[in-house]
Amino acid sequence: MNAPIILDRRRVLAGGGALIISFSLTSAFAQQQDAPAAPAPSPPGSLKTSPYLDAWIRIDTDGGITVFTGKAELGQGFRTAFQQIAAEELDVAFGALKVVTADTKVTANEGYTSGSNSMKDSGTAIQIAAAQARELLVAEAAKRLDLPVENLRTADGAVIAPDGKRLSYGELVAGDMLHVQAQPKSKLKNPATYKVIGQSVPRVDIPAKVTGGAAYVQDMRLPGMVHARVVRPPSYGAQLIECETSAVEKLPGVVKIVRDGNFLAVVAEKEFQSIKAMNALAAATKWKETASLPKQDDLLAVLTSLPSQNTTIFERGNASATGQKTIEATYTRPYQAHGSIGPSCAVAQFVDGAMTVWTHTQGVYPDRQGIAEMLRMPPASVRLIHVEGSGCYGHNGADDAAADAALIARALPGRPVRVQWMREQEHAWEPYGPAMVTKLKASLDGNGKIADWNFEVFSNTHSMRPGGAGSMLAAQHMAQPFALPAPRPLPLPEGGGDRNAIPFYNFPNAHVVHHFIPAMPLRISAMRALGAYHNVFSIESFMDELAALAGADPVEFRLKHLDDSRGRDVIEKAAQSFGWKAGQTSPQNRGFGFAFARYKNLAAYCAIASEVEVNRETGRPRLIRAVAAVDSGQVVNPDGLINQIEGAIVQSMSWTLYESVSFDDTRITSIDWQTYPILRFDAVPESVEVHIINRPGQPFLGSGETGQGPAAASIANAIANATGRRLRNLPLTRKRIKEAIDA
Amino acid sequence: MTRSARIIAGIVAVVLVAAVAAAFAIVWRPAFATIDPPAPQTFDAALVKKGRDLAAIGNCNDCHTVRGAKNFAGGLPVPTPFGTIFSSNITPDAETGIGRWSEAAFQRAMRSGVNREGQHLYPTFPYDHFTNVSDEDDRALYAFLMTRQPVRAPARENQLSFPFNQRFAIAGWKLLFLRHDTYQPDPRQSAEWNRGAYLVEGLAHCGACHTPRNALGAERNSAQFAGGDVDNWHAYALNDQSHSPVPWTADALFAYLREGFHPDHGTARGPMAEVVSNLSSVPSSDVRAIAVYMAGVSGTPAADRKGQDEMALAQGKTAARDNAAGASIYAAACASCHENGRPLPYGGINLGRSTAISSPDPRNLANIVLSGVRAVEGERSPIMPGFAASMNDEQATALLNYLRARFSNQPAWTGVDKTVQDARRTQTVFLQTSPGPRNAPADPMQRDKP
Amino acid sequence: MMTLKVNGREHQVNAEADTPLLYVLREDIKLNAAKFGCGLGQCGACTVIVDGKAVLSCVTPMVLLEGKQVTTLEGLGTIAEPAPIQRAFMEEQAAQCGYCIAGMMMRAQALLQRNSKPTDEQIRAELEPHLCRCGTHMRILRAVHRAARLMDTADASSPASRSAR
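Residue numbers (the working numbering), protein chains in the order written: chain L, 1 to 743; chain D, 744 to 1193; chain P, 1194 to 1358.
Please keep in mind that the hints were generated in silico from the structure rather than gathered at the bench. Note that the structure is predicted; figures quoted are calculated from it, not measured. The beta-carbon is built from N, C-alpha and C at its ideal position, and this holds for glycine as well. Be a bit skeptical, because a hint or two may be false.
[Unchecked claim] Within a straight-line C-alpha distance of at most 20 Å, the following computed EDC-like cross-link-like pairs (lysine to aspartate or glutamate) qualify:
#1 L:Lys581 to L:Asp553
#2 D:Lys793 to L:Glu617
#3 P:Lys1261 to D:Glu1137
#4 L:Lys439 to L:Glu545
#5 P:Lys1223 to L:Asp219
#6 L:Lys105 to L:Asp352
#7 L:Lys270 to P:Glu1209
[Unchecked claim] What follows is a set of in silico ranges between Cβ atoms, one per label pair, in the way DEER data are often shown:
#8 D:Thr1061 to L:Leu306: 58 to 64 Å
#9 D:Gln1058 to P:Asn1207: 31 to 37 Å
#10 D:Ala788 to L:His561: 35 to 41 Å
Taking the hints into account, I'd like the entire structure generated from these sequences.
This is the structure:
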């Protein structure tokens, strides 16, 4: 899954004592003499693959502190959160450090920033590295002062003796002091004494974003930079059969036309020139289209009839529990788009055999591997540096834009090449969140408890990320193309299409089957929450259907089946904060809905209660208010967490009520905001409340994707409550609601 | 007094008394007794459904709902030459709506424009058309309205000056202009045509917008469908005076009314947007009937009206030479969408086919250019940016004049600068108060280059 | 060559009449705030203020800008001296990825310049042309309300308004 780990050492010297940055080594790949002989028990998080402390923390002799993370800031606030964690454990002021993010030359290989794993993987590594770095500094001070370690304390970037003597970190740092592997035990700070962790420290990136500072890869301007636009094919697999370039070459500002098989791009000095040239070039092309897309309205039949690899992923039996009343239901989800507000962009420069790409990819190392393979260059000659783009919500066009830029840059050695995708290109060519089908069947026993539970999910893989060059459009379209890698399911416990397919509730009998579908009629890959969005939507909708069958209150019904105490806590918190009462009646035309999930059954917990109004005449659904409770373990930045959950609810509302990719028999037809409408301000709720249950000292639990599934189900349940009609096919559009009401 | 003087005085007195009695008879209408609001369950479901479709054809929700407020609760300001009239609350609310109206009272309102209390209703409520609605259909409409959600919303005061604020004056208007049973079925025509005629002349009240009115605000029967005004938009002529560059056929009309757009004519926006939004939900046979009837109204197109868009392209050079400012604004701000070949409804219409440009009235074009076309919530629909903020009056005027010269073979408009100023002012109100289309053009199979 | 007045300064730019303002701002004048989101007038990320009114700069060609004043987010304030709208967005932490925010702020600024006490309805209606994919809408609304209050306080304490009383 990860790219091969590469050893590279850079010594940054300022006097003799600056620390070294180094890359991760596992003992298997170790090329250093001073690798420890006996492997210690595996340290947590990304320390597993990058155990050396100085892969994470660098302290200069002038006291400057840099924190390194292989993860990328996507707008979730990680840069700030990691800075908080390091500042806390190192005992320095928040403003005394800076964070450097994903860069193949400089930071550890942490794979992709995905799966809500950043806090768990990178946050934990930084926390431990910082804590252990502090211990080493204190030990060094103890040696120099000839005092026991216990008598020393740290504050504001210095070690302080009882008599008040201070030795700053800059003075203490020496040689390769931090070039040691992390120890299995760390002296982490007591959460009760936290000064920075747990505070809503304002995000460090927002000031620039609200004052026009350079903040995104789209803002990069390098000397001599040229602007490129790709002319993409009209559909999957189209062949470029005619391309009349002579007139386009003469257009003002055009520098070069790059063609490699079906890959076609034009480069110009100025941006608008490149756009006009792109349009002219597109008009001068003829393509042979071969794509044959399925029927958009028939995805249920399509997905359940494609060949699949079927795996029972969960089985539990208890013969003494028998069901008396059985119901079943099928839920569907269409293809949905990431729909990043800023279409993908990358800048690449090829100088003296070395390629540098500035990109908003979620995985600089895997993408580097793919680009190196595509260009037939040694990976060591390719450097990818993460620069923020707009929110990606998974695998969008970023990696492809990076490949485009690299391919074009190679044709213009020396000049930085900026590739900006057009809106239509992002909509048509990004890999979508896969369409999914779930079939559920369950029975209630004589006491109104679920006796048996059957769940089947039909889905493609949820990741076609690079890795191999064949994952990227430029490489697929070249004259000597790279083949698409064979799709594989993401392994449990995280899963892909089966993410959150295994119920978190306790059912005496349960049977869960994953029908993994290799064939991908539309281009798909990872989209925020992966299969969890639809699986949680299905499970939580069905729980309400079962609760109705049992004549039970939806919240009580869930508690009846849930043992996990933290899960119970978020459910109770959300219900109580909402004012949920068993036997409540909703105001006319309104409904109340509830849902709960623990993301991946191992990350953050989230419960959401919502109130929805449905206009009887038009079917228009409107989320009036949502109240959420979230448990993400030790909270680093409460406001950041609230921001993520608010965002998850509003984003999921848009997916759930409006969104589906549209296509005809050959082409994608939802190619802009006219044809792929998303939420606008006229439908924004009146209020969204988020309540955090903080668990001091508990491991960080990923929270970036925990809200989407429960939000969808909560809204669906509220609509059912308001109208008396159960809708099971996403999106729950006005038209579908109206038809259900009128039926 | 002399004998002749007494006789004359007597005759005058009799005439006066008769006149007053006649006036009284003309003006006075009895009140219907109030009833207890009928329970919704007492209405037959099939009748209610029929009423729903009829209400959609009648476009009732469009006038009787204000943006952001409850359905059918009234309060929409309707500008007329005589002042502003606010639509009434037709929900079955007992105090502020029609909850206490009997079916007979409702029928009288539809037939003769009189409310339950006996007051005359302003003909802004087009009972001069609704008088043609059959009793059966009135019954269905009553069933539909009485099963809507009651909303407490007191009527807003109309803003009319004297003497228009005197309701008895309406009686005189009715005497002159209200004709009952203006629609009669024509046995020479098909059943479909007759159905269309019944709907158009009655519930659909197309003439209420598309027929010009006289000084007293009544439709001019001699100029039926020759074009009218609504909400500061021009409702195009639908008869043989149509200025549509491509002549309308029954098929084109059907597609336009049903789907909300047609490649040869454009997308229904402005006040027409709500009409097609409603028509997309009624039985398609009724929409086809309307289309068939209206196709008959527009008649066979003159031969020279075909192929106008080719002419338009040829006119480009001349138009540009005479109006360089307009030409460069068009090339810079409009051509990228309107000449990219993307099919309707998501691509800009080929302007050579735009009725807005060929129409004698520049208002619609000004409205569209300034306000654009807004997104419909959560549904695939065309979006056009408005240029009110980026163009000043001079620039918008130059552009409109250029479009006229380039994309039509009609004489130049006059007073475009005033039209632009007025459009700025009135469209803000329109966009704020009109309830807006509830759904978008139906989802067509359409292709484009990504 | 065309003259363009941006944030109070005149710039000579080498741009064709049909070049959308967005590209001139970003490329010729090297301003970052106005963003490319769609180029079609559908998302609002490119919004700037021209002669006091919010416009979509991606569909505003240079030919329309003769003699007009353009204001971008950079022209309102800096990190050291933020304008009320900028302070409000920072205080509310009204951003996730932040890409849509500059456009939102310019639209809000134009609104507050003509209506200093907008209702929630009015703000929502004003922001209708703008898309936010991260779901930051609630914070954006709070930030605009906050900005209105900040502007109100600022006016109340400014010398000009004191002398007007």
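(Q) So, against the hints stated earlier in the document, which numbers end up violated here? (A) Violated hints: none at all, because every hint is consistent with the structure.
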